[in-house]
Amino acid sequence: MFNREKLRYYYTNKIDQVKDNNFEDSEQTFLKNLNQIIEKNLKHTSFNVEDLAQQMGISRVQLYRKVKAIIGISISDYINAQRLSKAKNLLQETNLNISEIAYEVGYASPGYFSTSFKNKFGTTPKQFRS
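Residues in the sequence shown are numbered from 1 upward in steps of one, following UniProt numbering.
Check before you lean on any hint, since a few could be wrong.
[To be verified] Here are the simulated DSS-like cross-link-like pairs (lysine-lysine), alpha carbons at most 27 Å apart as the crow flies:
| id | residue 1 | residue 2 |
| --- | --- | --- |
| 1 | Lys32 | Lys68 |
| 2 | Lys88 | Lys40 |
| 3 | Lys66 | Lys43 |
| 4 | Lys40 | Lys68 |
| 5 | Lys32 | Lys120 |
| 6 | Lys43 | Lys88 |
| 7 | Lys86 | Lys43 |
| 8 | Lys120 | Lys86 |
| 9 | Lys118 | Lys43 |
| 10 | Lys86 | Lys32 |
| 11 | Lys43 | Lys126 |
| 12 | Lys32 | Lys43 |
| 13 | Lys68 | Lys118 |
| 14 | Lys66 | Lys120 |
| 15 | Lys126 | Lys32 |
| 16 | Lys66 | Lys40 |
| 17 | Lys86 | Lys118 |
| 18 | Lys66 | Lys126 |
| 19 | Lys88 | Lys118 |
| 20 | Lys32 | Lys66 |
| 21 | Lys32 | Lys88 |
| 22 | Lys120 | Lys68 |
| 23 | Lys68 | Lys88 |
| 24 | Lys86 | Lys66 |
| 25 | Lys68 | Lys86 |
Hints listed in this document are in silico derivations from the structure and should not be mistaken for laboratory results.
Starting from the given sequences, assemble the full structure and let the hints guide the process.
Here you go:
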């Protein structure tokens with residue numbers, strides 16, 4: 001149980017970073033695989049939980065349960081957090097405009113991206129960049 005609490009804290013607070021820690025090997029391997037698949041498919045607007053489960057070789061229900069048990073948030077929220085975290089990095093490290101960043105991280109609408117970004121970080125992408 002303690003390892004799960006450590007994992008939950010780690011992935012909800014440092015959602016964009018995966019490092020080797022003293023977590024259970026099976027959970028750490030699962031999360032690394034999960035993050036690799038999400039990263040690879042992040043820019044696809046149609047990428048969803050069903051696609052992720054299929055690529056991981058487990059059912060959608062198993063994926064929901066396992067992610068919720070390990071990290072403490074739903075897989076949908078986790079994917080969105082990964083998208084927004086990558087967008088934050090792109091805003092800091094590139095000169096791409098906000099629309100390009102929105103598309104790069106899988107948002108079909110730059111307006112919805114800006115709203116989601118503001119809800120997560122408390123500031124718009126434009127304000128964050130300045």
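Hint by hint, here is what the structure shows:
For the hint linking Lys32 to Lys68, the alpha-carbon distance of about 16 Å falls within 27 Å, and the restraint holds. Restraint check for Lys88 and Lys40: the C-alpha separation of about 17 Å stays at or below 27 Å, so the hint holds. For the hint linking Lys66 to Lys43, the alpha-carbon distance of about 24 Å falls within 27 Å, and the restraint holds. Among the hinted pairs, Lys40 with Lys68 is consistent with the structure: their alpha-carbon atoms are about 22 Å apart, no more than 27 Å.
At most 27 Å may separate the alpha-carbon atoms for a hinted pair to count; Lys32 and Lys120 meet this at roughly 23 Å. Restraint check for Lys43 and Lys88: satisfied, since their Cα atoms lie roughly 14 Å apart, inside the 27 Å limit. Note on Lys86 and Lys43: the hinted pairing holds, with a Cα-Cα distance of about 10 Å set against a maximum of 27 Å. Simply put, Lys120 and Lys86 have alpha-carbon atoms about 13 Å apart, close enough for the 27 Å limit, and the pair holds.
This hinted pair checks out: Lys118 and Lys43 have alpha carbons roughly 20 Å apart, not beyond 27 Å. Using a Cα cut-off of 27 Å, the hinted pair Lys86 and Lys32 holds, with the two alpha carbons roughly 16 Å apart. For the given pair, Lys43 sits about 20 Å from Lys126 by alpha-carbon distance, which is consistent with the 27 Å threshold. Between Lys32 and Lys43 the alpha-carbon distance is near 19 Å, which keeps this suggested pair within the 27 Å criterion.
As the CA atoms of Lys68 and Lys118 are separated by approximately 24 Å, the hinted pair is consistent with the 27 Å bound. Under the criterion of a C-alpha separation no larger than 27 Å, the hint pairing Lys66 with Lys120 is consistent with the structure, at around 24 Å. As the CA atoms of Lys126 and Lys32 are separated by approximately 31 Å, the hinted pair breaks the 27 Å bound. About 21 Å separates the Cα atoms of Lys66 and Lys40, which keeps this hinted pair within 27 Å; it holds.
Restraint check for Lys86 and Lys118: satisfied, since their Cα atoms lie roughly 14 Å apart, inside the 27 Å limit. Taking the CA atoms of Lys66 and Lys126, the gap is near 36 Å; set against the 27 Å cutoff, the hint is violated. With a CA separation close to 11 Å, the supplied pair Lys88 and Lys118 stays within the 27 Å bound. Between the alpha carbons of Lys32 and Lys66 the distance comes to roughly 13 Å, so the proposed pair stays at or under 27 Å and holds.
Simply put, Lys32 and Lys88 have alpha-carbon atoms about 21 Å apart, close enough for the 27 Å limit, and the pair holds. Between Lys120 and Lys68 the alpha-carbon distance is near 19 Å, which keeps this suggested pair within the 27 Å criterion. A distance of roughly 24 Å separates the Cα atoms of Lys68 and Lys88; the hinted pair therefore holds under the 27 Å criterion. Of the pairs offered as hints, the one joining Lys86 and Lys66 holds, with about 23 Å between alpha carbons and a cut-off of 27 Å not exceeded.
Between the alpha carbons of Lys68 and Lys86 the distance comes to roughly 21 Å, so the proposed pair stays at or under 27 Å and holds.
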